[in-house]
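There are 4 protein chains.
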Amino acid sequence: MAPTTPRLVVPIDLTKKPWEQKVPLHNRFHPDIPSIADVTEGEVFRVEMVDCRAGAVGDNDTALDLNETDLFAIHYLSGPIRVLDKEGMPAKAGDLLAVEICNLGPLPGSEWGYTASHDREHGGSFLTDHFPDATKAIWYFEGIYAYSPQIPGVRFAGIPHPGVIGTAPSIELLNIWNERERELEENGHKSMSLSKVLHQRPFACLPTRESCFLGKIEEGTPEWEKIAKEGARTIPGRENGGNCDIKNLSTGSKIYLPVFVDGANLSTGDMHFSQGDGEVSFCGAIEMNGFLDLKCEIIRGGMQEYLTPMGPTPLHVSPIFEIGPVEPRFSEWLVFEGVSVDESGKQHYLDASLAYKRAVLNAIDYISKFGYSKEQAYIILSACPCEGRISGIVDCPNACATLAIPTAIFDQDIRPKPGKIPVGPRAVRKPDVLKCPYQGNLPITKNPSASA
Amino acid sequence: MAPTTPRLVVPIDLTKKPWEQKVPLHNRFHPDIPSIADVTEGEVFRVEMVDCRAGAVGDNDTALDLNETDLFAIHYLSGPIRVLDKEGMPAKAGDLLAVEICNLGPLPGSEWGYTASHDREHGGSFLTDHFPDATKAIWYFEGIYAYSPQIPGVRFAGIPHPGVIGTAPSIELLNIWNERERELEENGHKSMSLSKVLHQRPFACLPTRESCFLGKIEEGTPEWEKIAKEGARTIPGRENGGNCDIKNLSTGSKIYLPVFVDGANLSTGDMHFSQGDGEVSFCGAIEMNGFLDLKCEIIRGGMQEYLTPMGPTPLHVSPIFEIGPVEPRFSEWLVFEGVSVDESGKQHYLDASLAYKRAVLNAIDYISKFGYSKEQAYIILSACPCEGRISGIVDCPNACATLAIPTAIFDQDIRPKPGKIPVGPRAVRKPDVLKCPYQGNLPITKNPSASA
Amino acid sequence: MAPTTPRLVVPIDLTKKPWEQKVPLHNRFHPDIPSIADVTEGEVFRVEMVDCRAGAVGDNDTALDLNETDLFAIHYLSGPIRVLDKEGMPAKAGDLLAVEICNLGPLPGSEWGYTASHDREHGGSFLTDHFPDATKAIWYFEGIYAYSPQIPGVRFAGIPHPGVIGTAPSIELLNIWNERERELEENGHKSMSLSKVLHQRPFACLPTRESCFLGKIEEGTPEWEKIAKEGARTIPGRENGGNCDIKNLSTGSKIYLPVFVDGANLSTGDMHFSQGDGEVSFCGAIEMNGFLDLKCEIIRGGMQEYLTPMGPTPLHVSPIFEIGPVEPRFSEWLVFEGVSVDESGKQHYLDASLAYKRAVLNAIDYISKFGYSKEQAYIILSACPCEGRISGIVDCPNACATLAIPTAIFDQDIRPKPGKIPVGPRAVRKPDVLKCPYQGNLPITKNPSASA
Amino acid sequence: MAPTTPRLVVPIDLTKKPWEQKVPLHNRFHPDIPSIADVTEGEVFRVEMVDCRAGAVGDNDTALDLNETDLFAIHYLSGPIRVLDKEGMPAKAGDLLAVEICNLGPLPGSEWGYTASHDREHGGSFLTDHFPDATKAIWYFEGIYAYSPQIPGVRFAGIPHPGVIGTAPSIELLNIWNERERELEENGHKSMSLSKVLHQRPFACLPTRESCFLGKIEEGTPEWEKIAKEGARTIPGRENGGNCDIKNLSTGSKIYLPVFVDGANLSTGDMHFSQGDGEVSFCGAIEMNGFLDLKCEIIRGGMQEYLTPMGPTPLHVSPIFEIGPVEPRFSEWLVFEGVSVDESGKQHYLDASLAYKRAVLNAIDYISKFGYSKEQAYIILSACPCEGRISGIVDCPNACATLAIPTAIFDQDIRPKPGKIPVGPRAVRKPDVLKCPYQGNLPITKNPSASA
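Residue numbers (UniProt numbering), protein chains in the order written: chain D, 1 to 452; chain W, 1 to 452; chain P, 1 to 452; chain B, 1 to 452.
For the record, the hints were derived by calculation from the structure and aren't laboratory data. Quick caveat, the model's predicted, so the values are computed rather than measured. Hints are not guaranteed to be accurate.
One copy or any two copies: either way a pair holds, since identical chains are not told apart in the list.
[Unchecked claim] With a straight-line Cα cutoff of 20 Å, these simulated EDC-like cross-link-like pairs (lysine to aspartate or glutamate) come out:
| hint | residue 1 | residue 2 |
| --- | --- | --- |
| 1 | K92 | D13 |
| 2 | K420 | D85 |
| 3 | K346 | E185 |
| 4 | K420 | D65 |
| 5 | K16 | E172 |
| 6 | K17 | D129 |
| 7 | K254 | D411 |
| 8 | K17 | D342 |
| 9 | K216 | E332 |
| 10 | K369 | D262 |
| 11 | K254 | E297 |
| 12 | K216 | E230 |
| 13 | K369 | D432 |
| 14 | K346 | E183 |
| 15 | K374 | E305 |
| 16 | K216 | E41 |
| 17 | K92 | E179 |
| 18 | K417 | E87 |
| 19 | K190 | D38 |
| 20 | K346 | E179 |
| 21 | K86 | E297 |
| 22 | K226 | D413 |
| 23 | K420 | E305 |
| 24 | K254 | E219 |
| 25 | K369 | E305 |
| 26 | K417 | E43 |
| 27 | K430 | D61 |
| 28 | K417 | D432 |
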């Protein structure tokens with residue numbers, strides 16, 4: 001074996017449930033979840049991971065499985081992994097952990113994935129008010145390329161990446177998270193109209209015992225109860241990295257994560273074969289089972305040296321990263337603009353989220369002119385390597401966001417030109433994405449979770 | 001002459017004031033501003049333009065001129081230009097005007113520009129709460145490259161582009177704009193705390209007689225009075241394009257603008273030698289006098305064919321465009337993340353504007369570790385070809401935005417590495433950007449304008 | 001399993017010799033070598049392959065193994081594979097076989113490779129007159145990156161590709177090859193001076209019984225004897241593709257191969273983790289054991305439709321291909337020029353081979369100023385993703401060739417600048433490549449072979 | 001004026017002949033041609049230039065003007081320019097002159113160019129045996145794009161560059177050139193068959209009084225006679241740079257030229273709007289009148305520090321350069337292979353010139369299947385930004401060269417696919433390139449020149 005053959009530190013057996021894996025998984029961030037392996041600076045090691053829905057979404061002809069997804073269980077992560085330097089000393093709070101993504105991909109034998117939107121009563125999505133039902137498309141991988149039986153005429157090279165990569169928070173940081181998210185959960189509705197709150201996606205995803213899984217720690221023990229009560233849900237990205245869903249954390253990139261606890265305790269999960277900026281349809285990347293080959297370096301004291309906090313404590317930092325050299329190369333892009341005026345025509349103030357929503361809606365509508373349903377277009381924009389940009393953020397009152405789509409993903413030329421569109425709404429490109437209205441067995445009151 | 005030698009339709013004489021130009025300029029959008037020239041489909045023509053502050057900001061050693069800028073006058077545009085097909089028939093409402101940017105650049109003899117932030121009492125900027133004073137840096141152009149005496153060690157190839165390119169609105173569209181912006185102006189403060197409103201940038205920039213300039217129409221005439229009262233200020237980008245400040249509208253790109261009035265009445269202005277996504281410092285591109293070589297094509301009926309409105313009327317559309325093939329090529333990027341938690345530690349809900357603000361603050365702080373002042377870093381990020389991305393917008397409650405900086409713009413390696421930063425705060429790279437606190441002679445109550 | 005999980009059609013067991021593999025390999029091109037598997041259009045299948053020296057070159061501290069390489073045995077190929085359409089009908093002579101490289105990489109557990117030059121008495125290399133001895137460097141792979149213990153300070157993402165991919169020739173084409181190469185072998189020396197012939201590399205590599213291996217056909221049988229006598233050695237690229245050593249046949253590329261026999265009979269081998277244009281050091285890519293995931297499409301009649309022969313028969317064609325989208329992205333290149341004047345100062349006439357030789361020599365010399373030995377520099381240029389261009393070929397008498405090196409592969413800035421080079425010849429970057437003069441046990445008269 | 005406004009040091013008046021220009025031009029390299037201007041390190045200055053045929057080739061409907069071109073006069077260069085450091089000390093022999101190309105383009109008012117092949121009796125071209133007649137296509141520029149009325153359906157962004165950029169040789173270097181080229185001129189035919197020599201292009205372009213033009217030095221003076229007798233023709237690239245015709249010397253690139261005489265004496269000319277690698281049709285770029293904005297830096301002693309000679313004297317060096325960041329970006333390429341077997345089927349030995357010839361012939365033939373004449377295809381490959389690569393140069397006996405064509409330059413999809421080519425030979429895309437057989441008034445014996 002070459003010294004660079006990756007050592008497998010977390011194996012996944014796809015015939016087993018996430019809670020049955022030999023090296024146990026976890027789905028909360030907490031300093032007390034014990035590490036499952038040690039790795040040394042410079043060593044190349046492999047981590048295998050289950051998909052974001054941990055096998056609950058199948059390669060089948062329905063989107064009903066989305067509706068039955070347990071949102072409390074998301075995401076089953078591999079790790080935590082303790083990182084040591086070459087002398088065997090662990091990374092320490094205040095260090096910076098440089099993690100290079102040497103390689104990544106789907107698990108062998110599992111060369112497929114899915115992109116889905118959740119029902120608005122069950123997690124919703126960025127455009128949940130326009131696309132209230134669960135939808136799903138299956139993608140098959142041919143090496144670097146993906147295609148979907150539900151979306152004919154589209155094929156592209158993805159930018160594979162882990163949706164989740166992060167270190168363990170310290171207890172102080174965890175308290176900060178829980179406090180600020182609880183405050184939002186409790187008071188967020190006050191700044192919204194009633195009608196909006198009713199169909200609002202969940203504000204935050206607070207700690208809960210439900211479906212909590214903590215690696216080697218046995219359910220029901222006092223230790224488990226304590227961590228379950230405090231452990232951060234993994235849905236949002238935060239100071240420790242986590243579920244940032246940044247498509248550019250792909251092969252060859254290097255992420256600099258702050259270290260909050262001894263050993264750093266690195267966790268990863270939620271592998272994506274591809275994703276558009278924003279991951280708009282919520283379960284919106286091409287979700288897959290996958291592996292990561294990683295190499296770590298400890299930059300002693302690097303957190304203080306490089307990451308000055310911008311918030312009230314020294315813990316209010318954000319990771320930084322370098323983009324790798326092998327992202328797919330596209331040279332032709334069709335770009336959609338959006339400004340911060342909502343669908344009712346109301347003017348909002350420098351709201352980039354709204355501007356991006358408008359850009360996405362504009363693009364969906366446009367693509368639907370070329371023989372696709374709007375649901376297909378939504379899935380395409382969520383899954384393909386499109387770029388979402390904040391183009392202008394100072395020109396009161398309109399933020400201007402843009403969404404750039406690589407035209408090469410289509411087997412037809414979608415640029416505007418004189419004359420009628422040859423493939424119009426009358427020539428729908430069947431089949432369509434799988435679509436299933438929610439049946440209501442998972443009421444919103446029991447489901448304060450959100451996102452992917 | 002080759003048939004492709006650009007015909008000069010709007011000349012600029014830099015020794016004259018904007019209102020003294022031979023072909024008169026205008027600084028409002030209104031259907032009744034008469035066109036100043038006709039161009040024909042397929043013809044390559046040249047438009048020259050004054051910079052966004054129309055000569056009021058000088059190549060000098062003070063930022064005081066920013067404080068004396070007349071924000072009511074922004075932007076002096078060249079045009080409107082009426083577009084005809086090869087048979088001499090004008091573009092019509094409902095058409096799509098494809099405008100190819102064949103070439104562009106600074107005006108010969110004027111190979112310089114500036115990047116500035118306004119005082120928070122006089123327009124402000126994206127980070128006005130962190131950078132309350134006016135600041136300015138001068139940039140000199142060496143062909144495709146720019147460097148600034150105020151920011152040593154930084155040099156880069158820009159992505160030159162017009163900040164403003166747009167068609168004339170119809171009167172219906174104009175009414176929509178004025179109504180929705182007035183509504184915001186009047187009620188925007190209701191959703192903010194008092195402390196925030198006090199130092200808030202202006203909500204909107206409503207029509208005003210002040211500093212209104214309408215091309216050939218003489219000031220004070222009834223026609224002038226009517227248009228001045230209705231004419232849209234040019235600050236925000238809107239359905240007609242306008243001041244979208246999209247850095248990728250560069251050489252070789254093609255923009256598809258909706259046509260609202262006969263002839264399309266194309267106006268351009270606010271040339272930028274370079275700009276980062278967001279144009280964060282407000283007067284934040286490298287602002288310059290410039291020329292555009294354009295070629296138009298009319299896609300008859302294309303507005304209906306390609307741009308389905310997403311709002312309550314058929315006029316609620318947005319332009320689309322194709323990116324050109326010669327943007328500067330960078331392969332190494334250092335990327336900063338931001339999530340929607342504000343500087344006080346408060347959690348906000350999926351707010352991409354805030355997430356981007358945090359990413360920019362993180363990047364400023366980081367760059368300041370390499371010998372720059374924070375003001376220099378702010379100007380760098382505003383002016384250089386950095387990319388602002390909406391990476392994740394569904395993972396409640398945190399939007400995740402990223403800011404990618406091409407590392408090649410620096411003459412030092414700014415990537416994190418073990419050990420101390422060789423050029424630290426103790427080795428400030430002087431000189432610094434020009435900085436001038438506001439003296440208060442242009443009170444905020446008389447200045448409800450905003451942006452660049 | 002997803003329908004896109006690659007079916008393994010040729011497995012390699014690295015604990016066994018090439019002639020012991022379960023699915024037998026072959027090292028000649030001949031129409032009568034029987035196919036070892038059928039694949040169907042559209043199916044994704046996997047082929048595993050041994051490295052170009054079939055295990056004879058080790059991960060050790062000597063280049064002596066190069067000197068003992070059996071050049072008659074090169075290259076052990078996997079296949080031939082018969083390609084059928086979806087109806088089960090084989091590809092036919094005159095068709096075009098489109099082969100998409102869906103994925104490729106080193107064999108798991110074998111994440112390393114080597115780059116070597118042969119002794120000038122034993123195969124030589126492009127610069128054999130300057131580098132007469134065998135040299136070797138070992139490379140270890142960290143996902144997409146490679147580094148060598150013998151070449152400190154260099155690390156890069158490779159452009160992995162198969163050196164050999166080709167269809168079986170018809171007997172007519174085989175006869176053409178054998179005749180034209182025999183003519184060169186017999187008469188090539190006539191156009192050279194005696195001194196040059198003495199140290200000339202072999203002219204051609206004619207059929208020979210020695211070390212011939214023909215898949216399932218048993219050695220010594222009449223069938224074996226016939227094929228061994230006629231079978232084309234695999235060293236040069238020819239009409240069927242074969243050992244073209246084109247670095248851009250990487251992930252996502254699609255090669256269009258002419259079909260000369262029923263079933264196409266596709267063979268592949270000689271996997272490279274990376275290679276510079278020219279593969280100048282002869283065994284000059286990063287040679288590795290590897291796998292290819294392929295997908296075939298038959299373009300019926302495509303050879304006639306697309307490939308008009310440029311020579312005296314309809315068989316004188318060349319493959320064409322499309323480049324894939326994920327080659328490593330470099331933006332900064334240092335480029336060396338060479339013109340067709342040789343090292344003695346003699347002028348040659350529009351000789352691009354010589355011009356490229358000069359460009360490579362110039363680059364080697366330049367790199368050696370930064371602390372490397374010339375042997376290290378030679379290996380770097382042979383193995384890294386540098387680009388060799390024919391820049392000018394019409395300006396009598398000088399052809400001008402250029403060699404572009406991505407500067408990011410070095411951990412130091414190698415661009416010229418004022419002052420002395422900080423790391424000069426006095427600061428040699430040890431260790432050096434492994435180097436072993438030839439001991440003469442494989443005399444040139446017994447070794448009319450050449451290349452890799 | 002900004003300090004970066006380029007100072008015009010060589011103006012061109014297109015209404016005048018090359019020998020009538022206010023700042024006189026020259027068409028030989030010689031140390032005694034006096035410099036026409038001084039420039040200082042760091043200063044941005046502008047040089048204007050006539051096209052390679054100095055106005056003799058018109059925007060008209062015939063290729064006859066090619067046949068009447070005076071090959072002895074090629075190329076009229078602008079300069080020489082003496083380069084001083086900031087203290088006013090000139091560059092010295094042994095220094096390296098770093099020349100940055102800040103900007104370049106066609107002369108205003110002259111936005112057109114031409115691509116031509118010469119008759120085989122009058123200079124010929126790379127494929128003169130296949131294309132014996134003069135041909136010509138006119139190109140019109142639309143900013144960064146070019147199109148030709150003679151080649152419908154093709155439009156592309158060029159990579160503009162100077163064909164000629166070089167320093168003055170010392171008298172020692174000049175003698176080396178003259179000796180080695182005279183030797184080739186006299187003995188080159190000995191290594192070729194009679195039939196080949198008869199239609200061979202000229203071997204070299206030796207000094208001649210004919211059409212010699214030496215700047216300020218008056219014709220007929222003793223000084224003129226001496227220089228005319230010794231002065232190097234500008235056709236081939238050599239140690240001083242000169243006519244290397246490297247397409248990548250475009251905007252933003254930086255070329256490091258050796259300095260052989262005090263002041264460096266920089267000359268430039270032969271502007272190209274675009275060119276394919278090899279410039280195969282001889283007058284084969286898009287030839288234009290143009291300007292260059294340059295900035296120089298003197299690297300004292302840099303020639304010795306960086307450029308070790310590879311030949312018998314310290315003067316046997318070659319320039320190096322860095323590629324600029326704004327070359328047009330293409331992501332899809334169709335690539336043609338060629339090996340060193342000639343059109344008669346004869347095998348040659350590792351001959352990259354022949355391999356590239358075969359790749360070009362293959363590509364011409366291929367393109368001609370899409371409705372173009374072979375002459376059109378030849379011009380396309382000569383003028384468009386295609387890449388010519390030496391892919392394999394060690395696999396005896398076949399060199400393998402590749403020619404990569406960006407598919408986006410065509411308005412149709414030229415990739416192979418099942419079924420018949422929709423636009424076949426039956427649907428020729430008229431009009432064709434202008435084509436004129438040679439009338440014989442410029443006999444080959446009086447014309448020992450070659451190339452452009």
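Please name the hints from earlier in the document that this structure breaks, with their numbers sorted from lowest to highest. Numbers 1, 4, 5, 6, 8, 9, 10, 16, 17, 19, 22, 24 and 28, in rising order.
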